[in-house]
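K.L.:
For reference, the chains in residue letters:
Protein chains: 2
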Amino acid sequence: MQITELAQRVVNGERRALARAITLIESARSDHRVDAEALLTQLATTPREALRIGLSGTPGVGKSTFIESFGMMLIGLGLRVAVLAVDPSSSRSGGSILGDKTRMEHLSREKNAFIRPSPSQNYLGGVARRTREAVSLCESAGFDVVLIETVGVGQSETVVSELSDLFLLLLAPAGGDELQGVKRGIMEMADMILVNKADGALKPTATRTCADYAGALRLMRKRHQDPEGYPCAHMVSALEENGLSEAWERMQHLLNWRREHGHFQARRSHQARYWFEQEVKSALLARLETSTAQRMMEGLAEQVGQGVASPTQAARQLLDAL
Amino acid sequence: MQITELAQRVVNGERRALARAITLIESARSDHRVDAEALLTQLATTPREALRIGLSGTPGVGKSTFIESFGMMLIGLGLRVAVLAVDPSSSRSGGSILGDKTRMEHLSREKNAFIRPSPSQNYLGGVARRTREAVSLCESAGFDVVLIETVGVGQSETVVSELSDLFLLLLAPAGGDELQGVKRGIMEMADMILVNKADGALKPTATRTCADYAGALRLMRKRHQDPEGYPCAHMVSALEENGLSEAWERMQHLLNWRREHGHFQARRSHQARYWFEQEVKSALLARLETSTAQRMMEGLAEQVGQGVASPTQAARQLLDAL
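Line by line, the protein sequences give chains Y and S. Read in this note's numbering, the first sequence has 92 at position 92, and its numbers run on one by one without any break. Read in this note's numbering, the second sequence has 233 at position 233, and its numbers run on one by one without any break.
Next up, chain Y with everything else stripped away, as it sits in the complex:
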């Protein structure tokens, strides 16, 4: 298929074309990369904007069930929903990885939904660029909401939070002692904490957990881009589909406030600058990954290891040659 045709089909919202486009941007082949950039450039001429929602939560908190229920609710409101996974280590097992479409069996059958499993571990440009470009493709395909899921390992939270208009932290009900378990850094990124599994025997614990986190959030510094009462903690049951509409309303309230006060656009603008700087750095370092550079580096490293050249001298020699 020609790039022009692929672009057109993506814009038409064809899910198979979108899947193919994402495969293209994930490819490590350099000719594919050229095509991918041509595609992105072409799509950039007709910009579309989706609401980007980041979602973090450790395995076991019910992320898949939440995405299934929350996604179905959004579709019920007439919205088109895309789901992407950021998984820096796809070798890891665990049911929360989105490759497992069976865990979102209703959503995956919806024509207004698009679910993309985790990419292979060997994606050339790094998790960040792949995800950023995949989000952008989903926007071009006319999705209204893009859910970006992460399992909360290493740098993936930062990637997701720097890509999202709204960052959700999903938690399971837990005793008071476990409150400490959430990394402070992640708490600080969250616009909203959702305590899931507020159903059955866990409901009282969920209520307590939610109150605990609400208290913890109040102790944290108020952010200028938030209205009164945010970041907030909210209780849901993805299983019983309870609290989801209220959660969505609270998100809408936050987003509308931010749009009115210019914070929505400011955040996007700030993120774009951030990605630009990251992209510059990684593109620069990518020059070391060509086979010529690798070969030369290996030879020089050998000399340095034997003490024939100093690290500084050898580094200069390499950079002069490149």
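A few of these clues could be false.
Copies of the same chain look alike in the list, so a pair counts if it fits in one copy or across any two.
Listed next, the in silico DMTMM-like pairs over lysine to aspartate or glutamate satisfying Cα-Cα at most 20 Å (straight line) [stated by the list, open to error]: (1) 281 with 320; (2) 281 with 302; (3) 222 with 188; (4) 203 with 246.
None of these hints come from the bench; they were simulated from the model. Please read these numbers as outputs of a predicted model, since none were measured by experiment.
Fit chain S to the supplied structure of chain Y, relying on the hints for placement.
P.N.:
Then chain S, alone, in the frame of chain Y:
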């Protein structure tokens, strides 16, 4: 002074010339940098090797007293001793910083000792390169032992451990609960744990602490570059000058074993390669720090922020232009 003359004086072991050479490598001025590299290149023609001992410990464990006593003992054995500080944040206060020569009053008066205070925070090439080059200058000046001290904040441990033949962790006696306080990563770097202040009322606690750490070390994975019984924990009193000779003997035992089995040279070789790769990366990223690059980057970041250019496009544009 000409570089040739400075080099000669460093090789002659003149401490003032060494101090001046270190000031030169720490300078942010580009003409100084040229001189510094000429000096290092010249000195590289007559390589000398010192034993590089890294020493980490939080403020209050008695690092200065230890260096004073341990250094004086080494000098008593006829060795020449240089002391360097790695301090990534010299703005921080605290008595353990080596600028405070008065805390090593005997050592600082010894003609066979050289003590270099922490460099200014604004050293151009980063803490790592500055320290690496300073170590190399001390070696050229014929010192037998170079002690590299760090206060254990941020990345400084890694810098020191990647520069050392032997990495010591100095601890104070403490109750069992505080055992957790040492970061596992630092424990894993340590070749030897020294529990200081094993004197007076603290002696029983020191004995217990030492046993605790010996136990903890036994639980950790044995490293192939260590003989039986290492990494080990050992008790010293820097104040009463107790246990220092034994500590030195245990270091000698470890080092001799490593030399015999090729691990000493393998570690140096591995470190040199590591620094080469780090140097290549930072030299590459330094290209973004010229005023032209900064100006161009600012302009493009503005466009990216406004949504006129994509992060990827703008990054390519910048790199093509540089």
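K.L.:
Which constraints among the numbered hints does this structure fail? Numbers only, ascending.
P.N.:
none
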